[in-house]
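Chemist: One-letter residues, chain by chain:
Protein chains: 2
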Amino acid sequence: MKPIYNLLTLFIVYTSCAQQTESEIKAESPVNIEYTTELVVPDLNIAWGMAFLPDESILVTEKSGELIHFKDGTKTTISGLPEIYVRGQGGFMDIKLHPDYENNGWIYFSYASPEGEGEGGNTAIMRAKLNGSSLSNQEQLYKAVPNTTKGQHFGSRIEFDNEGYLFFSIGERGQRDINPQDINRDGGKIYRLHADGTVPTDNPFVNNSGAKTAIYSYGHRNPQGMTKHPETGAIWTHEHGPQGGDEINIIQKSKNYGWPVISYGINYSGTTFTDITQKEGMEQPLFYWIPSIAPSGMAFVNSDNYPNWKGNLLVGSLKFQYLERLILENNKVVKREKLFESIGRVRDVRQAPDGYIYLSVEGKGIYKIVPKN
Amino acid sequence: MKPIYNLLTLFIVYTSCAQQTESEIKAESPVNIEYTTELVVPDLNIAWGMAFLPDESILVTEKSGELIHFKDGTKTTISGLPEIYVRGQGGFMDIKLHPDYENNGWIYFSYASPEGEGEGGNTAIMRAKLNGSSLSNQEQLYKAVPNTTKGQHFGSRIEFDNEGYLFFSIGERGQRDINPQDINRDGGKIYRLHADGTVPTDNPFVNNSGAKTAIYSYGHRNPQGMTKHPETGAIWTHEHGPQGGDEINIIQKSKNYGWPVISYGINYSGTTFTDITQKEGMEQPLFYWIPSIAPSGMAFVNSDNYPNWKGNLLVGSLKFQYLERLILENNKVVKREKLFESIGRVRDVRQAPDGYIYLSVEGKGIYKIVPKN
Ligand SMILES: [Ca+2]
Ligand SMILES: [Ca+2]
Numbered sequence: 262m263k264p265i266y267n268l269l270t271l272f273i274v275y276t277s278c279a280q281q282t283e284s285e286i287k288a289e290s291p292v293n294i295e296y297t298t299e300l301v302v303p304d305l306n307i308a309w310g311m312a313f314l315p316d317e318s319i320l321v322t323e324k325s326g327e328l329i330h331f332k333d334g335t336k337t338t339i340s341g342l343p344e345i346y347v348r349g350q351g352g353f354m355d356i357k358l359h360p361d362y363e364n365n366g367w368i369y370f371s372y373a374s375p376e377g378e379g380e381g382g383n384t385a386i387m388r389a390k391l392n393g394s395s396l397s398n399q400e401q402l403y404k405a406v407p408n409t410t411k412g413q414h415f416g417s418r419i420e421f422d423n424e425g426y427l428f429f430s431i432g433e434r435g436q437r438d439i440n441p442q443d444i445n446r447d448g449g450k451i452y453r454l455h456a457d458g459t460v461p462t463d464n465p466f467v468n469n470s471g472a473k474t475a476i477y478s479y480g481h482r483n484p485q486g487m488t489k490h491p492e493t494g495a496i497w498t499h500e501h502g503p504q505g506g507d508e509i510n511i512i513q514k515s516k517n518y519g520w521p522v523i524s525y526g527i528n529y530s531g532t533t534f535t536d537i538t539q540k541e542g543m544e545q546p547l548f549y550w551i552p553s554i555a556p557s558g559m560a561f562v563n564s565d566n567y568p569n570w571k572g573n574l575l576v577g578s579l580k581f582q583y584l585e586r587l588i589l590e591n592n593k594v595v596k597r598e599k600l601f602e603s604i605g606r607v608r609d610v611r612q613a614p615d616g617y618i619y620l621s622v623e624g625k626g627i628y629k630i631v632p633k634n
Numbered sequence: 262m263k264p265i266y267n268l269l270t271l272f273i274v275y276t277s278c279a280q281q282t283e284s285e286i287k288a289e290s291p292v293n294i295e296y297t298t299e300l301v302v303p304d305l306n307i308a309w310g311m312a313f314l315p316d317e318s319i320l321v322t323e324k325s326g327e328l329i330h331f332k333d334g335t336k337t338t339i340s341g342l343p344e345i346y347v348r349g350q351g352g353f354m355d356i357k358l359h360p361d362y363e364n365n366g367w368i369y370f371s372y373a374s375p376e377g378e379g380e381g382g383n384t385a386i387m388r389a390k391l392n393g394s395s396l397s398n399q400e401q402l403y404k405a406v407p408n409t410t411k412g413q414h415f416g417s418r419i420e421f422d423n424e425g426y427l428f429f430s431i432g433e434r435g436q437r438d439i440n441p442q443d444i445n446r447d448g449g450k451i452y453r454l455h456a457d458g459t460v461p462t463d464n465p466f467v468n469n470s471g472a473k474t475a476i477y478s479y480g481h482r483n484p485q486g487m488t489k490h491p492e493t494g495a496i497w498t499h500e501h502g503p504q505g506g507d508e509i510n511i512i513q514k515s516k517n518y519g520w521p522v523i524s525y526g527i528n529y530s531g532t533t534f535t536d537i538t539q540k541e542g543m544e545q546p547l548f549y550w551i552p553s554i555a556p557s558g559m560a561f562v563n564s565d566n567y568p569n570w571k572g573n574l575l576v577g578s579l580k581f582q583y584l585e586r587l588i589l590e591n592n593k594v595v596k597r598e599k600l601f602e603s604i605g606r607v608r609d610v611r612q613a614p615d616g617y618i619y620l621s622v623e624g625k626g627i628y629k630i631v632p633k634n
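Going line by line, the protein sequences match chains X and L.
Heads up, the final residue of the first sequence is numbered 634 in my numbering, and it's a clean run with no missing numbers.
Heads up, the final residue of the second sequence is numbered 634 in my numbering, and it's a clean run with no missing numbers.
With the rest of the complex left out, here is chain X (with noise of 0.2 Å):
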């Protein structure tokens, strides 16, 4: 039986080692579409997230750190924000409504924090309700430390899941050297909590002495899409890699998505950072690009608004300025299109209760995606 072994090894690892330049799917233009994007909320500069609220209003979250309420045509800025670190990636970020928000009122978002010890900031999260044009009830239900003056990887989209946990992602801060693998640091992570900001007495790590409780999967590098699926309920984010290797991931309890010790990546001085695509005990990505899209925003199509794009996952490029059909076929890409090519650098894409699909671009503003008359 040894021989069998030995070249079964070497099958592996010369697999593994070989050095993709580019996705096997490769995106395709549309032969033609049926949609066009309409202009909604003009005169935007970076809305990093948006919700829409039971009025047909829509919040908005700019990362310098103003919270807009877009509302019969007008704009209006909404007070009592807690202070936000504005700083390369990070700044105001994501925003969710609590899935019984129509009762509770609970809005929910994401922010760099320079709160507690040390210059810089990191990444919080804090849950407030709309009270006119301010908030109140302000909860900050996490802050990552420690702070840290770099700029990069905050995460930090939000996503409730269909038992009503919280899930935030939080990138590793530039810092993928002592965060991500390291379940007693923040960073490179994706957390579970209770709405109420508590640690779920049945996450992974909770009797492990020393880590940060509120962990749910780790080994990641800067997750900027994190969505439900509509049909399982399932977690789904896609992270940010080096230069290609940007993954999609579903996010399992307590596992290891290899971030910095396997990557379908490399540096982006061209020189490779690991040799191993893939190690027993972390998960493989679901997919990969290669080359980087740079993703942001994700969302499944699950309206009937848009037929042929039903069960469809939805990406923002920030790189190349499209928005990214991915075609999923038992949990697996089977085809990729480019949509709306040039539209700009898609920060954010989701469905709203109205059933239509919106874009937030960057220096633009949020789009609708409408049929062609």
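These are calculated hints, taken from the structure and not from any lab test.
Hints may contain errors.
Unchecked claim - To give an idea of the chain L side of the interface with chain X (calculated C-beta under 8 Å), a few residues:
hint, residue
1, S284
2, E285
3, P360
4, D361
5, N364
6, G425
7, H455
8, A456
9, D457
10, T459
11, P461
12, D463
13, H490
14, T493
15, G494
Remember, it's a predicted structure, so these values are computed and weren't measured experimentally.
Beta carbons: idealized from backbone N, C-alpha and C, even for Gly.
Based on these hints, arrange chain L with the ligands on the given structure of chain X.
Modeler: Frame of chain X, contents of chain L with the ligands only:
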């Protein structure tokens, strides 16, 4: 100043000791009533609880230990129930859907369980999912101890508040002198858990050594009504008093509702068991019934289907066999009305998602309250 204080004290003592023999507000028969009842689920025995599914079918708990799914005019008995201890007032009791049932499928129910040490049983809470005609994913979330063969005071209504917390009641199991005032013991309590059955870390007694940490309030007798106020989101309960002194309470964290130290009731023998109706550190009821109506089931009218009843509280009367309608102003009962006199022992009352009010009546079935034509 001294004499004035003394006079005031005397006045308070005097009024609180005056034995009332009936409520100041009498229940009246309505002058005319625009509604009538229509039997929608016939041939039930003691249908303790009802839950209305999104497909407009109804889940009904029979106290004898059966879960019935009434759909398109047909009853199906659902399998997969836990072992149920049927004795006295106990058996299969309340049922409630998770607020996000459409996404997660969780059904919560209360029952007397014989599990664990000792003869008899005690109140338990389970959640499970409905798969065709059987339950799956059963998770027992709570089981009161110790078991006892006493047949009294199991509670046990279930409600969710707007934050997604699970509340339920457990009666004092006929042991008024040892259970309701002792937070180290189950019984005579309102409990609060996360929807997954874990104890919220900000429950009031989590840091009391030996305490049952799921307890949210104590000093209750036998609460068989619990409902969320549609405007404030507060949890309202009612409970059976001894003879006279049935109460309505709004549940507040860590509060002592007084049983058996204070009560407006008297023993069934006619002797008083407590001379006092109020005491510092114990909550006064929002309302109390003298004589007892033996309340079961509780619902606020919120629907546009009953314009004259909007904001009113409905309570079933087991003893006098009618539905009581309570008109409230600033959380005070200002008027009481007897609806559907002689309909039978009203065990449960709920407003369904269709906006109609349904009554479960012992030995008869489930009635819908509809406009007279
Ligand atoms: Ca990975
Ligand atoms: Ca009381």
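Chemist: For a quick check of understanding: which of the numbered hints are violated here, in increasing order?
Modeler: 1, 2, 13 and 14
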